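2 protein chains.
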Amino acid sequence: MRHPFDLTLYLVTDPRQVAARGLAATVAAAVAGGVTLVQLRDPDAHGRDLVAQARALKALLKPHGIALIVNDRVDVAHAVGADGVHLGQDDLSPQAARAILGPDAIVGLSVGTPAEFAASDLSGVDYLGVGPVRATGTKADAGAAIGPEGVAAVRALTALPIVGIGGIDAAIAGAVIGAGVEGVAVVSAICAAADPKAAAEALRAAISAARG
Amino acid sequence: MRHPFDLTLYLVTDPRQVAARGLAATVAAAVAGGVTLVQLRDPDAHGRDLVAQARALKALLKPHGIALIVNDRVDVAHAVGADGVHLGQDDLSPQAARAILGPDAIVGLSVGTPAEFAASDLSGVDYLGVGPVRATGTKADAGAAIGPEGVAAVRALTALPIVGIGGIDAAIAGAVIGAGVEGVAVVSAICAAADPKAAAEALRAAISAARG
Chain A
1 MRHPFDLTLY LVTDPRQVAA RGLAATVAAA VAGGVTLVQL RDPDAHGRDL
51 VAQARALKAL LKPHGIALIV NDRVDVAHAV GADGVHLGQD DLSPQAARAI
101 LGPDAIVGLS VGTPAEFAAS DLSGVDYLGV GPVRATGTKA DAGAAIGPEG
151 VAAVRALTAL PIVGIGGIDA AIAGAVIGAG VEGVAVVSAI CAAADPKAAA
201 EALRAAISAA RG
Chain B
1 MRHPFDLTLY LVTDPRQVAA RGLAATVAAA VAGGVTLVQL RDPDAHGRDL
51 VAQARALKAL LKPHGIALIV NDRVDVAHAV GADGVHLGQD DLSPQAARAI
101 LGPDAIVGLS VGTPAEFAAS DLSGVDYLGV GPVRATGTKA DAGAAIGPEG
151 VAAVRALTAL PIVGIGGIDA AIAGAVIGAG VEGVAVVSAI CAAADPKAAA
201 EALRAAISAA RG
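Chains as they are written, first to last, in UniProt numbering: chain A, 1 to 212; chain B, 1 to 212.
Bound conformation, chain A alone:
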C-alpha cells in the first residue's frame, strides 16, 4: 500500500532561499502554517549531504504524518527511507525508481504540456507535477509558463492526482485549484517568505476558498 500523501499544499525546498533561516526551521514553520507534503530539492548537493538533510526533515515530518519526497535521487530516497521521489523528465524513469523503492513508495513525475504527458510512460506514477504555471527563477531548466489553463489541459487527460507548480503564490493559487487539481506546489512563496508560517496559512486560505 502506498504511503499516504496529501497534495493540498506541497512545499518544495530551495537551498539558497532557506539558507538564512535554515532548512529545518523553514520547513517546521511551513508545517505549522499548514503544508501537507514536503519535497527536498537540492540539485547541487552531494549524496551524503542530501542524506543528512533528508534524515533531518524525516525526523521533523514523521510526528506530523507528513510525507517526505526526495527530488531526483532515488538512491538517497532509499538510503533514508523517504516516502517517495519526485522525478523530472530528465531523471530516472518512474519504473526504474519503483524497482528500487518498491510498491509502497510515492513516485511523482513532472509534466509540462499535454504533448509531454502523452509521451510519458505513466506506469508506476502516483501523481503529476504540472507546470510551470508562471515563469520562475527557481528552476533554470523549466519550460515556458502554461498558466492555470495549461494545468487544466493536462487535468482533462488523466485521473491521476495533480499538483500545479511553478511561480505559484497565494494570489494565483485559487485559479490553479480552479483548474480542477488536487493541490499546489510552491517554492519561493514559502521558502523566500519573511514569515513562512504566515505564507503557508495564506496559501491554505486561498486553496480553501477556491475549493468552496
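By construction, these hints were calculated from the structure, which means they are not laboratory data. One or more hints might be untrue.
For lysine to aspartate or glutamate, the following DMTMM-like pairs were computed, each having C-alpha atoms within a straight-line distance of at most 25 Å [as the list claims (entries may be wrong)]:
1) B:58 x B:126
2) B:58 x A:121
3) A:58 x B:90
4) B:62 x B:195
5) A:62 x A:6
6) A:197 x A:6
7) B:197 x B:182
8) A:58 x A:195
9) A:58 x B:121
10) B:58 x A:90
11) B:62 x B:126
12) A:62 x A:49
Computed from the model, here is a short list of chain B residues facing chain A with C-beta under 8 Å [said to hold, decoys possible]:
13) 48
14) 75
15) 76
Just the calculated beta-carbon pair ranges, DEER-fashion [unchecked claim]:
16) B:65 x A:178: 56 to 62 Å
17) B:145 x A:161: 28 to 34 Å
18) A:135 x B:89: 48 to 54 Å
Keep in mind it's a predicted model, so treat the numbers as computed, not measured. Even glycine gets a Cβ: it sits at the ideal position worked out from N, Cα and C.
Based on the hints, put chain B in the right spot on chain A.
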C-alpha cells in the same frame, strides 16, 4: 558472488575529454588497448542521460567480460544493471549502495590518506581507489597529491584490492604498481590521448614491466 573484476588498468571516463571522439569510440579503443575495468563518470549529467550512456557502455563491454562501474549514482547503476558503483567520501555510504545493489555488486570507495582510510566504514567495500597520486585538473575537489609513497601508506593498512588514481600516465604507472597495488586508474592518459588504444597499450606495458 561478486561480479568478477580486474583492477589492472582501470579507465575512468571524462565527458569533456571524450567529447570529440565520442564516449563509446574512446572506450572501445581503450578496451582494444588492454583496459580491464571501466567507470562511467559524468557528474553533471542528468539521470536519464547517464542511463543511456551506461547502457551503451554495458553493451560494448559485456562481450569482453569487462565490468562496468558507475560513479556516484547508485540508482543509475541499479537501473542499467551495471556491475557496480564507485563512491567518493561525499557520496552515499558503501552500505547504502550495497542495500540497493545487492550482494553481487562491486562497491569501490575513494580514500585519500591513511587518516581518511581510518575514518571510513569499509564494510561492504570491494576495492579502494587511492589518490590523487599526482595533481590533476580532471577533478576539482580532489585532495593534495600523495605520490606513490602515499599509495604505499594506505596499502600497508589493508588487504583490500587497491587501485592508484590521479594524474597517472605511463611514466609513473610503474612506480604506483611498485607501491604494491593491484592496478592503476587513469582518466586523461587515455581519454585525452590522440590514440587511446596505443595509450592503453603503453600503460599495460608499464604495468607488466613493474610487476616483473
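* Asked: Looking at the structure, which of the earlier hints fail to hold?
  -> 17 and 18
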